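Chemist: Using the sequences and the hints given, assemble the complete structure.
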Amino acid sequence: MTDTPLSLIRNFSIIAHIDHGKSTLADRMIQACGALTAREMTNQVLDNMELERERGITIKAQTVRLSYPAKDGKTYVLNLMDTPGHVDFAYEVSRSLAACEGSLLVVDASQGVEAQTLANVYQAIDANHEIVPVLNKVDLPAADVERVKAQIEEVIGIPADDAVEISAKTGLNIEGVLEAVVTRLPPPVGDAEKPLQAMLVDSWYDSYLGVIVLVRVKEGRLKRGMKMRMMSTGAVHQIDQVGVFSPRMTPVESLGPGEMGYINAAIKTVADCNVGDTITDDRRPAEHALEGFKPSIPVVWCGLFPIVADDFEKLRDSLAKLRLNDASFHYEAETSAALGFGFRCGFLGLLHLEIIQERLSREFDLDLIATAPSVVYRITRTNGQEEELHNPADMPDLSLIEQIYEPWIKATIMVPDEYLGAVLTLCTERRGVQVDLTYVGSRAMAVYRLPLNEVVFDFYDRLKSLTRGYASFDYQMDGYEESDLVRISILVNQEPVDALSFIAHRTAAETRGRAICARLKDLIPRQLFKIAIQAAIGSKVIARETIGALSKDVTAKCYGGDISRKRKLLEKQKEGKKRMRQFGKVEIPQSAFLAALKMDG
Amino acid sequence: MRETEPLALYIHWPFCLAKCPYCDFNSHVRERMPEARFAAALRTELAHDAARLGRRKLGSIFFGGGTPSLMAPESVAALIADATTLFEPLPDLEITLEANPTSVEAGRLSAFRQAGVNRVSLGIQALDDAALAFLGREHSARQALAALETARALFPRITFDLIYARPGQTLADWQAELDTALSLVADHVSLYQLTIEPGTKFEALYRTGAFTLPDEDAAATLYQETATVTARHGLADYEVSNYARPGSESRHNLTYWRYGDYLGLGPGAHGRITQGENLFATRRHRAPEPWADLVERTGTGQTSQEALDPTDRAREMLLMGLRVTEGVNTSRFTARTGLELHEALDPVILNAALEEGYLEQSAQTLRTTPEGRLRLEALLGALVL
Ligand SMILES: Nc1nc2c(ncn2[C@@H]2O[C@H](COP(=O)(O)OP(=O)(O)O)[C@@H](O)[C@H]2O)c(=O)[nH]1
Ligand SMILES: C[S@@+](CC[C@H](N)C(=O)[O-])C[C@H]1O[C@@H](n2cnc3c(N)ncnc32)[C@H](O)[C@@H]1O
Ligand code: SF4
Ligand SMILES: [Mg+2]
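Just so you know, the protein sequences line up as chains B and Z, in that order. By the count of this note's numbering, the first sequence reaches residue 601 at its end, each step adding exactly one. By the count of this note's numbering, the second sequence reaches residue 385 at its end, each step adding exactly one.
Because the hints were derived from the structure by calculation, they are not lab data. Bear in mind that the values here come from a model prediction, so they are computed numbers and not experimental data. For glycine and all other residues, C-beta sits at the position ideal for the given N, C-alpha and C. Watch out, some of these pointers could steer you wrong.
Just some of the chain Z residues that point at chain B, by a computed CB distance under 10 Å [claimed, not checked]:
hint : residue
1    : Ala8
2    : Phe25
3    : Gln143
4    : Glu197
5    : Ala219
6    : Ala220
7    : Gly271
8    : Glu316
9    : Met317
10   : Val348
11   : Arg373
12   : Leu379
Modeler: Pasting the structure below:
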């Protein structure tokens, strides 16, 4: 089999704000190219994780190879990379983009440009993509094509005159999109005779086949039976199968330059596959590796603990299985006096955290407690030693800290004018610094620098409720800055509850300390002994609450000789205690921790 | 183990004239009460178990229910005669019978006295007609007082039950009601706070919000005031809900609380019986007629007999023993359970509870203080391992 000529290949991705119709468009294109029969088409073919479908967000980048007979009489190979829309997965977006030459920028014609539209389009521009604007949902009465075109030109700064106007839902003008891909996006470049350079785009674990590696061939040719070499590690594997997604996995003999496909090579774990690595031919290796991507770095950490201590091993297994599919999330064992044995886990962002947690409970049937999310701080100790801090519990005494730095983000918030005041107040409360404030039609676009720490602390929820859900939000990491941060410990009867300690700016410490004490007071039922709840910075108590002892808890009833019943009740009570954590002489139901951690504010 | 301790004998009569809406005892209403059949079955069970246990000393007999005052006095007499023949009665054998103060039953009190009953327990429940109606009782306050009068003339020892912490009952109401009740007689009273039991009519009503109960703090105040009023009348709080003039405590119930041996006969009755190294928990079929069938076919209505391990015994002995003011005797605890007292307790909670004044400890006993008893369920739940 001969490889497809470069001029007949187009590699592209679709970028869009959530719900603007990216997945629907992908489905239509797959259908139009006859890759799947009508019966095989389930809606949103590319979103194949149950959770993805439910939430309508694409979590893992997916790819599909289409065959399109164009108006010029030639048949093109179109490789479509689906990308996640959310910033938490910016890293996955960037690597998908690196595998393509162009992007379709889908904008909902009834909504206009949104925060994620911007965040994603800037990444595509960074990746040197040719961009074709596509205005979707023109079937809606609220669609305003001219206004949205003007927005695209004004806000993004790309021409939108010949934007493709479609309805992915009704199938209107899908042909126009396919033609634009062929005529307006550039073909890949590369030389089939050069030594192999293929970019490792993604890898995941398939329970039947083992590790599957997604690659984009840049130079040379990738063949079945070849001994491949990972250039970063030098590891060599025999390639058992090469194939393409059409969208079912379909074996082929070889992949030439410009092509995308998969490799199955009896690799043990995804951890052996460094995304961004270059794969070459072991017999005839390339001289240089391709320019890689920056590795994905978790920016938000939290502890995950099983509610029932016996589930610890199950949690360990489940995390390992999840990591097989998602190398961007990290975990290490952690012990908490309050919550027992669990894991400290690192995520790309809050949505990522939520998704992993939900997958653990859904796919693995685990009841978990998650501690409050924390960002990664950098510390310089007085002895000059530098370290990263993933867990507030590990923060050294202030006297040992020379400097402490916290991560900042640059956030773009788009919001209808009437809610702007509330959003600006929220940003200011959260130590935000305004960078820009402009209008996109009747919507305001505020760009703020904010400490990430303030955003993981219930920012989304507040933003949503302040704007009745009309705001859109996206962010990117924007460096570290020195800050006046303190750790607030929560003590129950003088004993620190490690799981509840948190780091905050000194100016916010007291308010938050007081809020959490008050909340715990409501959550913890009265007990045999009185309970003192305190928030403290070091040894200085900044807030306190007391829960008085139970005033009466006895059944003054006649039981006669039925002692068995009393004993059974005691045994049941003991069983219930498995869901309690003991602090000296008092016990706190895990449900109280759970609720305290949930509140975030 | 001590098989030589006197045995307590409990005899359950599972029938009542009407089912009280708060009651979850094993009591049932029958159009025609099968008196003769059940009396005969009880005698069969007694003979059956006596044959198995041998001629042990007998310290008390308790006819409970249900409403055992609905039994024919002859049946009571026959059971007492059997028991005192088959076992070896102590000279001061205590024989209690629960009686409801309706006129039917009050009229039979003298016959019960003649049958050998020497202590009567009257279910007065309240001295207020509206409260009695709410409690679904078949008698008035006046009838209750009359029954008490009759009983006083007949029995050397009298006790009665009241239910308090009722909906809308104020502290002043209860003080007055209790004062009246205690001025009447009695060397002993059982004063129970109304509890909502699963499966009762009250549970359903309570859930729908038909009535409310005093909250935790109010219930605590009522409870504490109860001990003050009884003390003024010379009755000490010797158990969570039992008050007696010193020396007039219920010997039968003390056997439960001290975790002694007791034989339970009749539907649903429980027993704790020492045999050799074993302490058995026994239980009878709970449904009346199937119990009787079983007795008629096999001689006993027993459906389970389980040997209790040291942990079970320790738990049970603490659950009962810490209800009584005298507390748990440490050497008796070890003899009875095979464990040292400290092996059965959470040391952190023990120390904290001693410090807080919920418990008191001496070389020979561990006991609850009034403050400790007020929070007994929480205390036991934390303390008992
Ligand atoms: N009216 C209309 N609805 C559309 C159109 N395209 C997509 N949708 C709907 O918009 C919602 C989001 O679409 P989806 O493809 O999941 O968006 P994604 O989040 O960008 O992948 C779904 O309910 C689609 O049915 C369209 O052209 N017209
Ligand atoms: C075995 S019962 C009944 C004895 C007898 N049949 C009578 O009703 O008088 C013993 C006592 O338990 C008390 N009692 C029963 N159910 C109760 C409840 N739900 N709450 C509080 N006390 C209760 C009543 O005072 C009752 O007299
Ligand atoms: S309280 Fe007494 S009379 Fe009423 S149903 Fe229960 S056992 Fe029978
Ligand atoms: Mg989608």
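Chemist: Hint by hint, say whether it matches the structure.
Modeler: Verification of the supplied hints:
| no. | hint | result |
| --- | --- | --- |
| 1 | Ala8 | holds, 8 Å |
| 2 | Phe25 | holds, 8 Å |
| 3 | Gln143 | violated, 22 Å |
| 4 | Glu197 | holds, 8 Å |
| 5 | Ala219 | holds, 5 Å |
| 6 | Ala220 | holds, 4 Å |
| 7 | Gly271 | holds, 7 Å |
| 8 | Glu316 | holds, 5 Å |
| 9 | Met317 | holds, 9 Å |
| 10 | Val348 | holds, 6 Å |
| 11 | Arg373 | holds, 6 Å |
| 12 | Leu379 | holds, 6 Å |
Hint 3 alone, counting from the list given before, is not met by this structure.
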